[in-house]
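Chains X and U are the protein sequences, given in the same order.
Number 535 marks the last residue of the first sequence (the working numbering); no jumps.
Number 528 marks the last residue of the second sequence (the working numbering); no jumps.
No lab work stands behind these hints: they were computed from the structure.
It is possible that some hints are incorrect.
Here are some chain U residues pointing at chain X (derived, C-beta under 10 Å) [what the hints assert, rightly or not]:
1. 263
2. 279
3. 281
4. 283
5. 291
6. 292
7. 339
8. 343
9. 344
10. 390
11. 393
Computed far set for chain U versus chain X, every beta-carbon distance over 10 Å [as the list claims (entries may be wrong)]:
12. 152
13. 196
14. 328
15. 373
16. 418
17. 449
18. 454
19. 461
20. 503
Ideal placement from N, C-alpha and C gives every residue a C-beta, glycine not left out.
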Amino acid sequence: MSDDELLTHQTWADALRDGELLGQRCPECGHETAAPKAACGRCGSRALETVALPTAGTVYTETTMSVVPRGFEGPYQVGVVDLGEARVLARLEGEVAIGDRVELEGALEVDGEVAPLFS
Amino acid sequence: MTDARIVGVGMTDFGVHERPLMELFAEATFEAFDDAGVSAPEIDAFYLGNAMGGQTERDTHLAPTLATHVGMAGIPCQRYEDACATSSNAFKHAVRAVEAGQHDVVLVGGVERCTPATGLETPEMTEIFATASHRQYEQPTGLTFPGVFALLTKRHMHEYGTTEEDLAAVAVKNHRHGTHNPRAQFGTETTVEQVLEGPVVADPFRLMDCCPFSDGAAAAVVASEEAAESLAGTPVGVAGVGHATDIVPLADKVDVKATQAARDAAAAAYEDAGIGPQDVDVVELHDCFTGAEILATEALGLVEDGEGGTAATEGRTALGGEIPVNPSGGLKAKGHPIGATGVAQLVELTEQLRGEAGDRQVEDATHALAHNLGGDAATTVVSVLEVAE
Ligand SMILES: [Zn+2]
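Could you put together the complete structure from these sequences and hints?
And the structure:
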């Protein structure tokens, strides 16, 4: 795969704004990520394929934060959603618990930064 | 290759300090100099830990400034910045330089200010701490540092049945230990009921599950075995150091509750020291949150996986228990000035191995272990100290 096909953060963020969660699949070790990198986080392979990740999964872990950073208004729930081969850190809505089924609702946008939103 | 020794230690009280970094640093450094029986011209190099001075103090070239302030101008200086594992990383490099024969006597210091004395209140400091998580794939969700460890801990609770009472037991224990430490930020006891009644910060963590914002400094003089013999300070041996990292961001880690970097760093440190977890007599570990202590006791092999919570509740990790953890009060009660934390753990353990720890002394301790974690459980440095022959 040539360099210009490597998934960038910009492409990932633009896709998320369009309701699609892009990720990468490593053909060497099978690891999938929703946080695109220049090489596989598990094995270092540069032969990464861009893939559309599932838009539904189960909550792997979560927390509701009451004390939040400047620029955010709490409380809100953040969690890791298990999408099968990949996991993604996302904002969660609906007071979901570990093991609950959730679906991608779209993108949360704060100050030009984008994060996945599941409920 | 020579062995490294810690020949002198010093630290300020941890808490709120209305003084610039250089003055805090000098207090800890001169205490370490006097303890070691050295003066500034005898120091060959300076390894500094400071994580956030650029963001909190508008100070980004600190090492030469601090070296000059304590009379060490001219020597090679370097600053390490590795989130909360900052000064143990500086210590590791000082030890390696001494072992390699590059330097004979090295100062390792850590200093940080994180309290509102900096002019920054909780939302700003929470934002700064959050910069230790992934810029693109963690920070935009609004994740905080309590949030990072809450995610790890909730999974541990889900898989092992660890309870909020178990978490509270860690806070109660470390506060009780802190009452015996005159340098601790919190010198009062607390109860499980009080912890469980506190306001939620990031569930399952309530206020008393979290370490405080702290200001402070800590310093240690590291010397070769040969140099140590000519110095007045009572040396302790550096038996082993392990340093490992895990995948970032945390969603990509294989198993978030395993804290794999701690397991890898501990394995390296144990091998370096030629001991196993059963040989450790006293531990200072990175209890930035109560859940972090539970995960760390398991990762270090001090208790079986899944037993970290019950070990705390049953008193197995308390002073007088089978493996005393955080006799200093830990980050929870002693305080957590980010860049000073790793060296402060070594200050406590040096005093423990010398038998100078007073009411919190672990009897007949010959091997001590420090565990210092940084970022979203991505960096861990584990150091093993021993009574010098
Ligand atoms: Zn791979």
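Item to check | Restraint outcome when residue 339 of chain U is required to lie within 10 Å of chain X by C-beta distance | outcome: Holds: closest Cβ of chain X sits about 5 Å from residue 339 of chain U, inside 10 Å.
Next on the checklist: Can you verify the interface hint for residue 291 of chain U: is its Cβ closer than 10 Å to any Cβ in chain X?
Outcome noted: 7 Å, holds
Item to check | residue 281 of chain U as an interface hint toward chain X, with CB separation required under 10 Å | outcome: Holds - the Cβ of residue 281 of chain U comes within 10 Å of chain X, reaching about 4 Å at its closest.
Checklist entry - Going by Cβ atoms only, is residue 393 of chain U closer than 10 Å to chain X? => result At 8 Å from the nearest chain X Cβ, residue 393 of chain U passes the 10 Å test, so the hint holds.
Checklist entry - Was residue 503 of chain U rightly flagged as not at the interface, with every chain X Cβ beyond 10 Å? => result Given that every Cβ of chain X is farther than 10 Å from that of residue 503 of chain U, nearest at about 41 Å, it holds.
Checklist entry - Do the numbers back the hint for residue 390 of chain U, that is, is its least Cβ distance to chain X under 10 Å? => result 4 Å, holds
Item to check | Separation of residue 152 of chain U from chain X, once the least beta-carbon distance is taken, above 10 Å | outcome: 25 Å, holds
Next on the checklist: For the restraint on residue 343 of chain U, tell me whether the closest CB of chain X is nearer than 10 Å.
Outcome noted: 8 Å, holds
Item to check | Consistency of the no-contact label for residue 196 of chain U, given chain X and a CB cut of 10 Å | outcome: Residue 196 of chain U clear of chain X: closest Cβ-Cβ about 18 Å, beyond 10 Å.
Item to check | Beyond 10 Å from every chain X Cβ - status for residue 449 of chain U | outcome: 20 Å, holds
Item to check | When the least beta-carbon distance from residue 292 of chain U to chain X is tested against 10 Å, hint result | outcome: Since chain X brings a Cβ to about 8 Å from residue 292 of chain U, closer than 10 Å, the hint holds.
Item to check | Whether residue 373 of chain U stays farther than 10 Å from all C-beta atoms of chain X, as the label says | outcome: 43 Å, holds
Of the numbered hints given earlier, the model fails none.
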